[in-house]
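*Asks:* These protein sequence lines are chains A and B, in that order. Note that the numbering used here has the first sequence beginning at 1, numbered continuously upward. Note that the numbering used here has the second sequence beginning at 1001, numbered continuously upward.
Please note that a few of the clues may not be correct.
[As the list claims (entries may be wrong)] Computed spacing ranges between beta-carbons, pair by pair:
| no. | chain 1 | residue 1 | chain 2 | residue 2 | range |
| --- | --- | --- | --- | --- | --- |
| 1 | B | I1132 | A | A113 | 45 to 51 angstroms |
| 2 | A | L6 | B | R1088 | 39 to 45 angstroms |
| 3 | B | Q1218 | A | F76 | 40 to 46 angstroms |
[Said to hold, decoys possible] Where chain B lies over chain A, by a calculated footprint (3+ residues, C-beta under 8 angstroms):
| no. | region |
| --- | --- |
| 4 | 14 to 26 |
| 5 | 174 to 187 |
[What the hints assert, rightly or not] Listed below are several chain B residues computed to face chain A (Cβ distance under 8 angstroms; list not exhaustive):
| no. | residue |
| --- | --- |
| 6 | I1082 |
| 7 | A1083 |
| 8 | F1094 |
| 9 | I1106 |
| 10 | V1116 |
| 11 | I1144 |
| 12 | I1148 |
| 13 | I1152 |
| 14 | S1155 |
| 15 | F1192 |
| 16 | V1231 |
| 17 | I1254 |
| 18 | Y1258 |
| 19 | F1269 |
| 20 | I1273 |
FYI, nobody ran anything at the bench for these hints, they're computed from the structure. Virtual Cβ for every residue (Gly too), placed ideally from N, Cα, C.
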Amino acid sequence: MDWFYLKGILILSGINLMAVLGLSLLTGFTGLFSFGHAGFMAIGAYVTASMTVKFGLPFIPALLIGAMVASLVSLFIGRWTLNLKGDYFCIATLGFGEAIRLILDNVQYFGGARGWPGIPLYTNLTNVLVMNIIGVIILVNLIRSRHGRNMKAIREEELASQIIGINVFKYKLTSLAISAAYAGIAGGMLAHYTGFIQPKMFQLIKSTELTIIVIFGGLGSISGSVIGAIVLTALPELLRTFARWRLVVYGASVIFIMITRPQGLMGGYEITPTNIKKLISHILSLGNKKHSLGGDNK
Amino acid sequence: MDTFIQQLINGLSIGSVYALMAVGYSLVYSIMNFSNFAHGGVIMIGAYFGFYAMTALNLPFIAAFALAAAGSGILAILLERIAYRPLRKRNAPFLYFIISAMGASIFLENIVIATVGPTFRTYPRVFDSAPISFGAISIGRLDITMFIISAISLSILMYIIGKTRTGMGIRATSYSERASALMGVNTDRIIFIVFGLGGVLAGIAGMLFGMKYTVYPQIGFITMKSFIAAVFGGLGSLPGAVIGSVLLGTIETITAGYISSQYRDLIAFVLLILVLIIRPSGLMGKPTEDKA
């Protein structure tokens, strides 16, 4: 396996991770499910690409504009749909994601359903990595703040959070807007990695894929999302040799995870220096106990 | 005016097939309170059952229908056993059901791609292609058949739900699963029957859909529109599902006829968002309330 191929997989994982980080905040920490994140990615991709191609902006400012537009659109969507109960919010985002795609199918300015070729290739491993590191740092800080704790409270018990004075709607909206910004950046990076975008790339299946990664990694765990994004992006690529069956295996494994370990790989745990230290000392102390036991027996 | 009536009739015929699919979503929602997104996959497999029954097995039209219906019914029951029952036994949150359903629909779509390939397939012609004309209005024989078969199937379903003992069990379970179980209703059996009924209708719908258009692995996505119809009418309400489907079918054909067929799919999703914003419980649904 050559470096070029491996690098491609890493970049794709990084792009997916970007979107997954945002979705992790929304789903894992605020408890809202969205099946429309491919729509936000599409907005990010098309806005960023038009900034660089049609307005000649540099890559990073263009990305930020893409993220901002996706975020603004999400505020508009959230304003109307966040009051919906249960899976109705989920259905609304699904409808929104598909509507975005079907609108783009008809916008001839962006090439319509045939797609938009010739987007300059600005995305490389370095800027994907930097973006993801910044993304993780912002997310970790947010989750550890008071705002993050409020979001987790809403996830656990919405009504009780409302009663103790948390502005549930405001936090849900913030969470949605931030996650949409992450998705927008992911979309912009994707457009400048493949050099070609097409509404078809942002179908419902893309949103599903992102949600599955979040679940696989473990709800409420950022490290889980990172591992999930890398494993679930790389796995299908590495399984190319039996390409026809890989998605069959993928679908079956999703069901299998749900019925066996629905809390996901990490299930709320994080990999942090302190936790690693704890784990190591735990293992060491286990060893010591055995040793002392052996001593007693003597 | 003639074109309008023409579009209305076309809409009614496609709407009736949507209704067959939409009641599958609504039945499951009324009992288990989650949207079974794998239903589209069951419809798609039903279309393939019918196709191979007619081409590979050379079965007559009616026998192919029976096979498609039975095959899809069994598939839907298996799906419940494998993907949902373990979750149900553990009282898992509804989101796990949705993810499991998504996994199942990816599985079903791709197992078809892996085994018979992604190509489009056309059903053999059963009906004379010459339409029946009434003055300026002409109706295709297939459209009439679609409408009649859908209407009969839906009537049988309504009879089962409304008049039989099993139907009473289904209604009771949809009202409160726990209370029904306490009163001696075998809710496992009811859920089994609900998935079976939904599957049988999915098979019939899949085959009709395949005959009207073509058969390909992504049909499941098109059937998403029947889900929209179910939401439109009010998830969990069977009359709602039927009314929503007929309305959606008519709105679609009228959009295609008067504006452009390009906007057909878009109109469905825009309608979905509008309905959710204005009246989330749909036309016939009960308003949802937060349980403390």
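*Asks:* What are the numbers of the hints that this structure violates, sorted from low to high?
*Replies:* Of the numbered hints, 1, 3, 4, 5, 10, 11, 12, 13, 14, 15, 17 and 18 do not hold.
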